[in-house]
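Please build the complex by placing chain L on the supplied structure of chain F, with the hints as guidance.
If you read the sequences in order, they're chains F and L. So for the first sequence, my numbering puts the first residue at 6; every next one is plus one. So for the second sequence, my numbering puts the first residue at 633; every next one is plus one.
Hints are computed from structural coordinates only; laboratory data are not their basis. Note that the coordinates shown come from a computational prediction; the quantities given were computed from them, not determined experimentally. Cβ coordinates follow ideal geometry from the N, Cα and C atoms, glycine included. The reader is advised that the hints may include incorrect statements.
Unchecked claim - Label pairs and their calculated CB-CB ranges:
(1) L:GLU867 with F:THR267: 55 to 61 Å
(2) F:TRP144 with L:GLY703: 46 to 52 Å
(3) L:GLY665 with F:ARG86: 29 to 35 Å
(4) L:ARG713 with F:GLY118: 52 to 58 Å
(5) L:ARG818 with F:ARG277: 28 to 34 Å
To be verified - Take a look, some chain F residues computed to stay more than 12 Å from chain L by CB distance:
(6) LEU11
(7) ALA81
(8) PHE101
(9) THR124
(10) VAL234
(11) ALA253
What the hints assert, rightly or not - A short list of chain L residues far from chain F (calculated; beta carbon distances all over 12 Å):
(12) GLU645
(13) ASP649
(14) THR654
(15) ALA661
(16) GLY664
(17) GLY831
(18) GLY842
(19) PRO846
(20) GLU862
(21) ARG865
(22) GLU867
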Amino acid sequence: MTLEFLEPAFMQRALLAALLVGIAAPAVGIYLVQRRQAIMGDGIGHVALTGVALGFLLNTSPVWTAVLVAAAGAVAMELIRSYGRTRGDLALAMLFYGGMAGGVLLINLAPNGSTANLTTYLFGSVTTVSDSDVVAIVWLSAFVLLVTLGLRRQFFAICQDEEFAKVTGLPVRALNLLLAVTAAVTVTVAMRVVGLLLVSALMVIPVAAAQQATRAFAATLAVAVAMGVVTTLSGTVFSYYVDVPPGATIVLFALGLFLLVTALAVPLARLRSRAGDEPGGGSGRTAAEPVRAPAGRGPR
Amino acid sequence: MTGVAADGAGVTEPVVDLSGATASLGGRAVLGGIDLTVARGEVVALLGANGSGKSTTVRAVVGRVPLTSGGLELFGTPIARFRQWRRIGYVPQRSTAASGVPASVREVVSSGRLSRSRLRPLRRADRAAVERALQVVGLADRAKESVNRLSGGQHQRVLIARALAAEPELLIMDEPLGGVDLPSQRILAEALRTQVAGGASVLLVLHELGPLQPLIDRTFVLSDGLVAREYGRGEADAAARVHDLACHPHPGAAGEPAETDRTGLLT
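Chain L on its own, in the form it takes in the complex:
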């Protein structure tokens, strides 16, 4: 289904077009030939067990993992010639290691604006965009605080604001809900809804659909570096269930990874 894309101008050309993509990490094949497109205005989720290749897929899309074969086009341009990084807002998987030197929320969010400002100093329009991004994630009143003092969910909101600061057309997010508390999950879902309503396209890795489920147009379930199944909008429930069975056969069992301890959202 392309309900959202249909009202946009660019139904023709996908913003992300990955075809037959293979990639290896440290000599081990991680992607075995992924075909995936994101149409303009579409929200696409990648699900899959740990090690299924979903993070590698998004890191390949942003050019951080080189493809060993296959093709990748962003906004119709092959990755090798793609230079318009300001059109992309990237939210990497949250690193647990805090930086050595303190950094304020506003400073971290401002660095997202560098894809537009590049080597020149920030102008008034840049600062205004940073403030808007802070407001979208509800952190405007904590802009001066050190990011090291924030909770996991607040830290994740900072990273999303950093991606939004460039006012991107395509958001690429790697587990934006990983380790995020419920209030932050709701704020993130609301922020994403606003972006999608404004015409943005989204490609995101999720461990579970959670509060984002109503926004998602298509879901790919990855397994061993391949697309195991693809679900349309109406089948999101099925996707969630299949994924749940594949990844969490014993919900609540001891020894589950910490990032899955919020599965209650699905029920």
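This is chain F alone, in the form it adopts within the complex:
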């Protein structure tokens, strides 16, 4: 087998973008899934559309205006979440609609813009990534990875138990805003690859697949990133040979991987519980008294 698909320059750029998105999207998505905010990526995607249109209107790079508008939208969502009264979901829904409608309105105000300009951003167009796009994607991905991996313990603690995290004295509010901005940046990075309407899929599906086969957070993060990379790269290469849109291909590959892992998870868990239910034999136990409390026998 030859690596012929590596020869065209557009494919080199596409694969680099796909690789970075494959790493960054699950690295952020895992925190959103942990906090049961999987839908947030979709919301940011809708808001980012206004940013893209603004870029066309101002005749500047849509990536950078999308980053700014998406970040503002993500911060708004985080504030609604943290100060949220009972109907925070309605406020979020309004933000989604406003972002989408704003995008369509602004793009038609642009000098020679029409709704058709938005299509590449809505559904992704990784094979038309330009050199300047690649530069933006590299810098933004570096930021995302630095934040999500560097502060993983802090974000883990906050998403696991926010009340406890506040009592440890961590700057929880600032970290939550940083996570929201990071998610916004990820969405803008990924919009060229899978499109704004499918961005959230890459943030959520690899995590959902990985967590069925793992027991720890760090392992889930590693497996999710590996799955993200496998699906973005294979989807991009597949769409090079078979003339189909890469964004949709990547998402369907991810879903296929999810179904595969789901099918394998049940027998895997059964094997593991057979191996793991044996008590640990007292190694590392406290000297006080042996523990005899098999898993699954809790009062509830």
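Just chain L now, kept in the frame of chain F:
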């Protein structure tokens, strides 16, 4: 009685000093003026019926519920200026909702160390403290397991280990025995005894004194957001009885909340 506090250096200054504290939740007054102190090395229990304000009291002490009036000092510092959160180990009421993403026992316990490590990575001393905390609650050999696979009692031990990981001087626990099986209750009592022997102070909400009774120096019984009675060490039995009558007038009656189904410990 301040038997334990007397051998410490800080008999003078309480680690928790709540005076005339009032607080509301959602517009409803929950605390109507609570006066409560915890001296250094002292173990103080809060008892009371559901809705009497005991959880709100401890959540106010850790700064999670703002006081509408009254004062709160931690280690002699007013709460507004208090920054030394590493001195406090907090065990919140156990949430029943499991997190979406798997987390291992060690990962959850490690997050307790963040009050010391803050934004820097964990060092060797931090990891050692996490291992010690795991051993205290008897979960060292299950450190790699997912917390979602643990029983209620084991899960509670994880939360206590998380609080101990910071090596705190003051433990604040909200119903640490809620839904905990007997073997875990004994391990928790032993862990607490070790901490108190090491000089720690404890403020805890209990539904019943249970196996912790010998450790408790003072007991406050709350009712409708006020301290109804205060009992010293020798009166713990009386406190337990009064509380029992107030909260469980018909022991074993159908419709009792699930968390009280272990009242046999008192008899």
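Now for the hints, and whether the structure bears them out:
Remark: the range hint 55 to 61 Å for GLU867 (chain L) to THR267 (chain F) is upheld by a beta-carbon distance near 58 Å. Evaluation of the 46 to 52 Å hint for TRP144 (chain F) and GLY703 (chain L) yields a pass: the beta carbon distance comes to about 50 Å. Our hint of 29 to 35 Å for GLY665 (chain L) and ARG86 (chain F) holds, since their Cβ atoms are close to 33 Å apart. Against the hinted window of 52 to 58 Å, the Cβ-Cβ separation of ARG713 (chain L) and GLY118 (chain F) comes to about 55 Å, which satisfies the hint.
A beta carbon spacing of about 29 Å between ARG818 (chain L) and ARG277 (chain F) agrees with the range 28 to 34 Å that was offered as a hint. A cut-off of 12 Å between C-beta atoms confirms that LEU11 (chain F) is not in contact with chain L; the least separation is 35 Å. Interface exclusion of ALA81 (chain F) from chain L stands, the closest Cβ pair being 23 Å apart, more than 12 Å. No Cβ of chain L approaches the Cβ of PHE101 (chain F) within 12 Å, the least distance being about 21 Å, so the stated non-interface status holds.
For THR124 (chain F), the requirement that its beta carbon stay farther than 12 Å from each beta carbon of chain L is met, with the minimum near 33 Å. No Cβ of chain L approaches the Cβ of VAL234 (chain F) within 12 Å, the least distance being about 19 Å, so the stated non-interface status holds. At roughly 26 Å from the closest C-beta of chain L, the C-beta of ALA253 (chain F) stays outside 12 Å, upholding its exclusion from the interface. Separation of GLU645 (chain L) from chain F is adequate, the least Cβ-Cβ distance of about 21 Å exceeding the 12 Å criterion.
Listed as a non-interface residue, ASP649 (chain L) keeps its Cβ farther than 12 Å from every Cβ of chain F; the least gap is roughly 18 Å. Every CB of chain F is more than 12 Å from the CB of THR654 (chain L) (nearest about 21 Å), matching its label as outside the interface. The claim that ALA661 (chain L) is not at the interface with chain F holds, since no C-beta of that chain comes within 12 Å of its own (minimum 20 Å). The claim that GLY664 (chain L) lies off the interface holds: its Cβ sits roughly 24 Å from the closest Cβ of chain F, which is beyond the 12 Å cut-off.
The Cβ of GLY831 (chain L) lies farther than 12 Å from every Cβ of chain F, with a closest approach of about 19 Å, so its non-interface assignment holds. In this structure GLY842 (chain L) is separated from chain F by more than 12 Å, as the shortest Cβ-Cβ distance comes to about 14 Å. Distance check for PRO846 (chain L) against chain F: the nearest CB is about 15 Å away, which clears 12 Å, and the non-interface claim stands. For GLU862 (chain L), the requirement that its beta carbon stay farther than 12 Å from each beta carbon of chain F is met, with the minimum near 26 Å.
Every CB of chain F is more than 12 Å from the CB of ARG865 (chain L) (nearest about 24 Å), matching its label as outside the interface. The claim that GLU867 (chain L) lies off the interface holds: its Cβ sits roughly 29 Å from the closest Cβ of chain F, which is beyond the 12 Å cut-off.
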